[in-house]
Amino acid sequence: MRKMPIAIPSPRHLLGAALAASLAVPFAGAMADEKTITDNIQKHMPGVPIDSLEETPAQGIYELISNGQVAYVTADGKYLIAGDLIDVEQRRNLTQAKQDEQRVARLADIPDDRKLVYPAEGEKKHSITVLTDPTCPFCDKLHKEVPALQAAGVEVNYILTPRQGPGSKGFEISSRTLCADDPKQALEGAMKGQSVAADACRDDVVQENMALSNELGMSGTPYTILPNGGALPGYRPAKVMLEAIRSSDG
Numbered sequence: 001m002r003k004m005p006i007a008i009p010s011p012r013h014l015l016g017a018a019l020a021a022s023l024a025v026p027f028a029g030a031m032a033d034e035k036t037i038t039d040n041i042q043k044h045m046p047g048v049p050i051d052s053l054e055e056t057p058a059q060g061i062y063e064l065i066s067n068g069q070v071a072y073v074t075a076d077g078k079y080l081i082a083g084d085l086i087d088v089e090q091r092r093n094l095t096q097a098k099q100d101e102q103r104v105a106r107l108a109d110i111p112d113d114r115k116l117v118y119p120a121e122g123e124k125k126h127s128i129t130v131l132t133d134p135t136c137p138f139c140d141k142l143h144k145e146v147p148a149l150q151a152a153g154v155e156v157n158y159i160l161t162p163r164q165g166p167g168s169k170g171f172e173i174s175s176r177t178l179c180a181d182d183p184k185q186a187l188e189g190a191m192k193g194q195s196v197a198a199d200a201c202r203d204d205v206v207q208e209n210m211a212l213s214n215e216l217g218m219s220g221t222p223y224t225i226l227p228n229g230g231a232l233p234g235y236r237p238a239k240v241m242l243e244a245i246r247s248s249d250g
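Numbering of the sequence shown is given in this note's numbering, commencing with residue 1 and proceeding in unit increments.
The set of hints was computed from the structure by calculation and includes no laboratory data. Just so you know, even glycine gets a beta-carbon here, dropped at the ideal spot from N, CA and C. Heads up, a few of these hints could be off.
[Stated by the list, open to error] Once the Cα atoms are required to be at most 30 angstroms apart in a straight line, the calculated BS3-like pairs of lysine-lysine come out as:
id : residue 1 : residue 2
1  : 141       : 78
2  : 239       : 125
3  : 43        : 98
4  : 169       : 125
5  : 144       : 124
[As the list claims (entries may be wrong)] For each label pair, taking beta carbons as the anchor points, the in silico distance ranges come out as:
id : residue 1 : residue 2 : range
6  : 122       : 69        : 35 to 43 angstroms
7  : 45        : 125       : 25 to 33 angstroms
8  : 122       : 166       : 33 to 41 angstroms
9  : 148       : 91        : 29 to 37 angstroms
10 : 87        : 38        : 23 to 31 angstroms
11 : 169       : 247       : 29 to 37 angstroms
12 : 247       : 76        : 36 to 44 angstroms
13 : 219       : 43        : 30 to 38 angstroms
Given these sequences and hints, build the entire structure.
See below:
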């Protein structure tokens, strides 16, 4: 019987096949991990929405985003990890970078009618967003720094976010302020303790602002979002604010 010749693949074909296999296996594994994670979370934590789920540089650890909050989960979906993921080699906080990125994206979706805008004088060099409460003393203190920020080319966008939530005095005044004929003038008066002569007709907007504050990680007011999405909680004088803003904006 005549023996048929055996075809021997060239080294180039062998290398190509090896690369294809090495790329296909992790992809299939990742898809399987994501399904396992999703199934386990939906089974044991049904109230937790999964906004996104993706691999991290750390093997076997996935990034889970839920209601704008970042957490981590193991590939088997059994363990949820709360805390920062640090790249020790690059000395980079991966969690903070993701949160900053999310804040920028989220604020880009906020319509102008939910903001009180204090434009920069002359050329606009930077833009920041401040979550503020008309009944917050430190918010009033920061508000006094706004003219200096504007003079330095910074646009300041206020979002009224009462720190004590629905039913609070801050919530009612925020709603009244947004309903006033001149909301910025009403805010000036409210921060000085004056009454706002307007109906509280924007409760729905203030509720949306409260939900937004949770997504942005607000820990109290005032809460400033820098140009790169970094957060600056509390009062800072204009000089300190400008240093942080310029550093954030590169």
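Hint check:
At most 30 angstroms may separate the alpha-carbon atoms for a hinted pair to count; residue 141 and residue 78 exceed this at roughly 47 angstroms. At roughly 16 angstroms between alpha-carbon atoms, residue 239 and residue 125 fall within 30 angstroms of each other, so this suggested pair holds. Note on residue 43 and residue 98: the hinted pairing holds, with a Cα-Cα distance of about 27 angstroms set against a maximum of 30 angstroms. The hinted pair formed by residue 169 and residue 125 fails the criterion: a straight-line CA distance of about 35 angstroms is larger than 30 angstroms.
Proposed proximity of residue 144 and residue 124 is supported: the alpha carbons are some 20 angstroms apart, at most 30 angstroms. At about 38 angstroms, the beta-carbon gap between residue 122 and residue 69 stays in the expected band of 35 to 43 angstroms. At roughly 44 angstroms, the beta-carbon separation of residue 45 and residue 125 lies outside the given 25 to 33 angstroms, and the hint is violated. Under the hint 33 to 41 angstroms, the C-beta atoms of residue 122 and residue 166, about 40 angstroms apart, fit the expected range.
Against the hinted window of 29 to 37 angstroms, the Cβ-Cβ separation of residue 148 and residue 91 comes to about 33 angstroms, which satisfies the hint. The given range of 23 to 31 angstroms is respected by residue 87 and residue 38, whose C-beta atoms sit roughly 26 angstroms from each other. For the hinted restraint 29 to 37 angstroms between residue 169 and residue 247, the CB-CB distance of approximately 36 angstroms keeps it satisfied. As the Cβ distance of residue 247 to residue 76 is approximately 41 angstroms, the hint placing it in 36 to 44 angstroms holds.
In this structure, residue 219 and residue 43 meet the distance hint of 30 to 38 angstroms, their C-beta atoms being roughly 32 angstroms apart.
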